[in-house]
Amino acid sequence: MRKRMFIGGWGYWDRMSTNSTTSDRVAKVFGEETPHPRGTVWPARVDQYLDEGLDEQDVDRWVQSACLLCSNGCGADIAVKDGRMVGIRGRAGDTVSHGRLGPKGLYGSTPWAASPDRLTRPLIREDGRLVETDWDTAMGRIVEVSKRLLAEKGPLSHGFYTSGQLFLEEYYTLAVIGKAGLGTPHMDGNTRLCTATSAAAFKESFGADGQPGSYTDIEHCDAIFLYGHNMPETQTVLWTRILDRTRGEDPPRIVCVDPRRTAVAEEATRTGGVHLAPRVGTNLALMNGLVRELFIHGWIANDWVAEHTVGIEGLRDIVDPYTPEHVADICGIDADDLRSAARIFGESDNVLSTVLQGFYQSHQATASSVAVHNLHLLRGMIGRPGAGVLQMNGQPTAQNNRECGADGDLPGFRNWDNLDHVRQLADAWNVDVMTIPHWAPPTHAMQIMSYAETGSIGFLWISATNPAVSMPESARIRKILAGDQCFTVVQDLFLTETAELADVVLPAAGWGEKTGCFTNVNRVVHLSEQAVEPPGEARSDLDIFLMYADAMGFTDRDGAPVVPWRTPEEAFDAWAAVTAGRPVDYTGLSYAKLRGPSGIPWPVNAEHPDGTDRLYTDGVFPTGTDYCETYGHDLITGGTVSEQEHRAMASAGRAFLKGAPYTPAHETPSDEYPLLFTTGRTVYQFHTRTKTGRARSLDQAAPDAWVELSPADAGPLGIDEGDWVRVESPRGAIQVRARIGRVMQGAVFAPFHYGHWDPDDLADADHRTANELTMTVWDPVSKQPTFKTAACRVTRLRAGDGPAPAPTNTASAPASGANDAAAAVPVTGGGSATSSRVLTETPRYALDPSQVGSSHVESSREDH
Amino acid sequence: MPHLSTYVALADHSEQTLAESLRAVAEGHARQADVFHTCHTLAGWSDQHRQDLAPVVERYGEQEDVDEPERLRADALTNTREGEIGLLRDLQDLHLLATLVHSTWTVIAQGAQGLRDHQLLDVATSSRQETTRQLTWLTTRMKQAAPQALIVAS
Numbered sequence: 008m009r010k011r012m013f014i015g016g017w018g019y020w021d022r023m024s025t026n027s028t029t030s031d032r033v034a035k036v037f038g039e040e041t042p043h044p045r046g047t048v049w050p051a052r053v054d055q056y057l058d059e060g061l062d063e064q065d066v067d068r069w070v071q072s073a074c075l076l077c078s079n080g081c082g083a084d085i086a087v088k089d090g091r092m093v094g095i096r097g098r099a100g101d102t103v104s105h106g107r108l109g110p111k112g113l114y115g116s117t118p119w120a121a122s123p124d125r126l127t128r129p130l131i132r133e134d135g136r137l138v139e140t141d142w143d144t145a146m147g148r149i150v151e152v153s154k155r156l157l158a159e160k161g162p163l164s165h166g167f168y169t170s171g172q173l174f175l176e177e178y179y180t181l182a183v184i185g186k187a188g189l190g191t192p193h194m195d196g197n198t199r200l201c202t203a204t205s206a207a208a209f210k211e212s213f214g215a216d217g218q219p220g221s222y223t224d225i226e227h228c229d230a231i232f233l234y235g236h237n238m239p240e241t242q243t244v245l246w247t248r249i250l251d252r253t254r255g256e257d258p259p260r261i262v263c264v265d266p267r268r269t270a271v272a273e274e275a276t277r278t279g280g281v282h283l284a285p286r287v288g289t290n291l292a293l294m295n296g297l298v299r300e301l302f303i304h305g306w307i308a309n310d311w312v313a314e315h316t317v318g319i320e321g322l323r324d325i326v327d328p329y330t331p332e333h334v335a336d337i338c339g340i341d342a343d344d345l346r347s348a349a350r351i352f353g354e355s356d357n358v359l360s361t362v363l364q365g366f367y368q369s370h371q372a373t374a375s376s377v378a379v380h381n382l383h384l385l386r387g388m389i390g391r392p393g394a395g396v397l398q399m400n401g402q403p404t405a406q407n408n409r410e411c412g413a414d415g416d417l418p419g420f421r422n423w424d425n426l427d428h429v430r431q432l433a434d435a436w437n438v439d440v441m442t443i444p445h446w447a448p449p450t451h452a453m454q455i456m457s458y459a460e461t462g463s464i465g466f467l468w469i470s471a472t473n474p475a476v477s478m479p480e481s482a483r484i485r486k487i488l489a490g491d492q493c494f495t496v497v498q499d500l501f502l503t504e505t506a507e508l509a510d511v512v513l514p515a516a517g518w519g520e521k522t523g524c525f526t527n528v529n530r531v532v533h534l535s536e537q538a539v540e541p542p543g544e545a546r547s548d549l550d551i552f553l554m555y556a557d558a559m560g561f562t563d564r565d566g567a568p569v570v571p572w573r574t575p576e577e578a579f580d581a582w583a584a585v586t587a588g589r590p591v592d593y594t595g596l597s598y599a600k601l602r603g604p605s606g607i608p609w610p611v612n613a614e615h616p617d618g619t620d621r622l623y624t625d626g627v628f629p630t631g632t633d634y635c636e637t638y639g640h641d642l643i644t645g646g647t648v649s650e651q652e653h654r655a656m657a658s659a660g661r662a663f664l665k666g667a668p669y670t671p672a673h674e675t676p677s678d679e680y681p682l683l684f685t686t687g688r689t690v691y692q693f694h695t696r697t698k699t700g701r702a703r704s705l706d707q708a709a710p711d712a713w714v715e716l717s718p719a720d721a722g723p724l725g726i727d728e729g730d731w732v733r734v735e736s737p738r739g740a741i742q743v744r745a746r747i748g749r750v751m752q753g754a755v756f757a758p759f760h761y762g763h764w765d766p767d768d769l770a771d772a773d774h775r776t777a778n779e780l781t782m783t784v785w786d787p788v789s790k791q792p793t794f795k796t797a798a799c800r801v802t803r804l805r806a807g808d809g810p811a812p813a814p815t816n817t818a819s820a821p822a823s824g825a826n827d828a829a830a831a832v833p834v835t836g837g838g839s840a841t842s843s844r845v846l847t848e849t850p851r852y853a854l855d856p857s858q859v860g861s862s863h864v865e866s867s868r869e870d871h
Numbered sequence: 249m250p251h252l253s254t255y256v257a258l259a260d261h262s263e264q265t266l267a268e269s270l271r272a273v274a275e276g277h278a279r280q281a282d283v284f285h286t287c288h289t290l291a292g293w294s295d296q297h298r299q300d301l302a303p304v305v306e307r308y309g310e311q312e313d314v315d316e317p318e319r320l321r322a323d324a325l326t327n328t329r330e331g332e333i334g335l336l337r338d339l340q341d342l343h344l345l346a347t348l349v350h351s352t353w354t355v356i357a358q359g360a361q362g363l364r365d366h367q368l369l370d371v372a373t374s375s376r377q378e379t380t381r382q383l384t385w386l387t388t389r390m391k392q393a394a395p396q397a398l399i400v401a402s
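Protein sequence lines, in the order shown, are assigned to chains A and B. Letter 548 of the first sequence, counting from 1, is numbered 555 in our numbering, and no numbers are missing. Letter 111 of the second sequence, counting from 1, is numbered 359 in our numbering, and no numbers are missing.
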């Protein structure tokens, strides 16, 4: 094995690489393959994009950062020329990406910044219209309303709804303002919509949030199970890492759980795995069937389970009725496919599981995600290379939102129900313990909106998110935001669909225009440095929050400011200090340390000075009653377990095996609404397209909304490829073009990205927001809204003038051979040129098990 | 065992009352999506408890000649209240009804043990466990609703 120390500097890698190749990464989403054998390090490949007409010699400087356009967290450098961001390049030495970037990161990272429609001055509403003003006036208006409401109604009149795309310094500052300054429990992020179930599932099984696994598990596993996770669409670089194993020697088998025939499903077939396509809303029945198969066949690591878990008997009883035939009935799958998938799990030594929105945003979200943990715990497959769990995130900084408490939790994975944990924070912030809202669970996003609807929350501050497009039942959300009952502040880069409805709009600096850190799915912390000045009067979100805190005069017990820091680095150090002794330990991290070649995964402390590749290597979990982040919940009702009940279970470091029976979804098809409506993503757009819609290469690949219908459903409705259709649920309707695609019969798929904003002022953009149809309903434990299960009906409106605007080289590809029109659908492409070079010498990654010490992978813990 | 049958009938009736009241609160506060869905789920549990009890009711029969204690049964909640404070108060009413169900199952389990009636003991034990979960959810939801309802809501 090559063991060469990283010595930094581009020139070195330049010499150690093959010739650069040029490619259109819209057409070739994953770029050049670098297949490699099992147990060896993933080769490095440096991807780069520069604005047209520029080459490397034109770049003034490269500024260290990481990509912000999905949750993967690829290390990257920003290219700067004449004070502008002009491109991006992957960092070869970064543990996450080994130099790669995906199409969104390459094409979408920088063009938005110089877009002519950036917000550059604050706006306030005068006589019903938003007009430009100065910062003093805008902040003056905010502070006036805030102080009046505090005097009249107290802090519970204030709510905050933030993002999964700010930096940790900003979340932590906001959390301190909310919890120690104001004292309101009404704070959440849009992470509630994308990743709350990941956190909730960790807490229920392991006692605290924290990703157990690592991306390096990909190099060591026998099988990879992807549950409701269309990775090729959502985290392209991670999927590239998997392809480099499935196309290499001794590949893992893939098992795909997804109602669509995705690229994951095709890879499952190719590798001798299984594609399970359960009916939308039946995930838990499927999972209970898989768990039952482990019991039936004795694929249980009995000694390990006895030592490291509690609850096996209860779980066995719960899953007992879920025979393969019963599951097949509920889910509409083949019973033998379930058996085959279970056998792969049961007979592999090392399985990696990944989970995303197909579980998180669907019915019984937390229970289904916890069931993934159950499979791993029953097999003792956790905490060693290749045997891991990756509960994914949807957004790049979602993890920090959870860590810092901007999602309402207490910072540092502390338990709001544990007075000692609350006291630790009260001491750190020097405020009275009663100031910190801890008498009830934090208020989740949908409940915040519900309070704002009645005016019970009269002051709502929304930062870096666009709920008018992304929250369920859009019509209701727009009404809440537009109404007079609640004063709304929106802070963003552009005048989004949400900002248009605000009372005050604040212009924010974006990525590359400010400094801060963020943490990806597998706990890797990156520093993102400021590369350029923000436009006009735009300010960093941190500066805006500090401005509000100063103007409000929040003080601690000694009359000193409750938020004493002024810079991102000071905020980071304050955050690191409050993580001491908690699972999410940042105490060994500093800006200086993060300026190295790679991001670093927490915990980083005296014991783990270089960070930690995977958690729970000793099989000890943070479940002790005095240490855990939660005492747990009833997975069906969300009722909270009390401290006494938790103590009685004597979990003390053992993980919980928890289960729940399957129940039918809240809304199932009827005569009136005979089809299932489900929403999702495309690889070329991110969230509500605020950045990707302003990147020409990406936007032209997916320029308008569509819906996907199966050939079997489209035929009887007289719908052909490209026809305009109306899709209607009990709550609303959209009118978009139809793709006769690969969705399962009975289901209709719509991408959620599209609001009425359009970069080309497209006509007819007012009827395409998928969330018009979705329901106001959420998981009882994670409180994540359900975007995947609604009932709908589809009617044909008129013929289109060509195929649907859906990409053809992703999961939205036309159904093969089912429709003559499919042959006429042009292949997606047309992205600008990017360059890529595979390094002949792979850098050394500090914690990579393929390189560190022995690459020997422990044998399995079979003892059945 | 003259009054065991009275109490079996009380269990049946109070589960029915709880189920009806849960459904009334679900519909009355349908704008609170979690209240709507969870109350319907919990009502289904109470229905199931009655179904499980049905063979026992049949076995013990109606005892016409036994005098029921006075004010044996509680009334169902039929009209729900308005707003956030109304929700809080309705949840309290549900909690009271669920407490009656819970203690009724406790009492019946004692009787079943005395009679060595395994079937009744199983029904009483499993139903009481689920009643505990109903109570836990009600408490959780009340704690969540209380600060806003008491301090801010108009």
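Note that these hints are calculated values from the structure, not bench results. For clarity, every value in this text was computed on a predicted model and none was experimentally measured. The beta carbon of each residue, even a glycine, is placed where N, CA and C say it ideally should be. Don't take each hint at face value.
Said to hold, decoys possible - Here are the computed distance ranges between Cβ atoms for each label pair:
| # | chain 1 | residue 1 | chain 2 | residue 2 | range |
| --- | --- | --- | --- | --- | --- |
| 1 | A | G305 | B | H288 | 37 to 45 Å |
| 2 | B | Q340 | A | A655 | 38 to 46 Å |
| 3 | B | R321 | A | A655 | 28 to 36 Å |
| 4 | B | D323 | A | Q651 | 31 to 39 Å |
| 5 | B | Q367 | A | R430 | 44 to 52 Å |
| 6 | A | V150 | B | A278 | 31 to 39 Å |
| 7 | B | I399 | A | D89 | 37 to 45 Å |
| 8 | A | K154 | B | Q340 | 32 to 40 Å |
Hints versus structure:
no., hint, verdict
1, A:G305 / B:H288: 37 to 45 Å, "holds (39 Å)"
2, B:Q340 / A:A655: 38 to 46 Å, "violated (27 Å)"
3, B:R321 / A:A655: 28 to 36 Å, "holds (34 Å)"
4, B:D323 / A:Q651: 31 to 39 Å, "holds (33 Å)"
5, B:Q367 / A:R430: 44 to 52 Å, "holds (51 Å)"
6, A:V150 / B:A278: 31 to 39 Å, "holds (38 Å)"
7, B:I399 / A:D89: 37 to 45 Å, "violated (55 Å)"
8, A:K154 / B:Q340: 32 to 40 Å, "holds (35 Å)"
Hints 2 and 7 from the earlier list are contradicted by this structure; the remaining hints agree with it.
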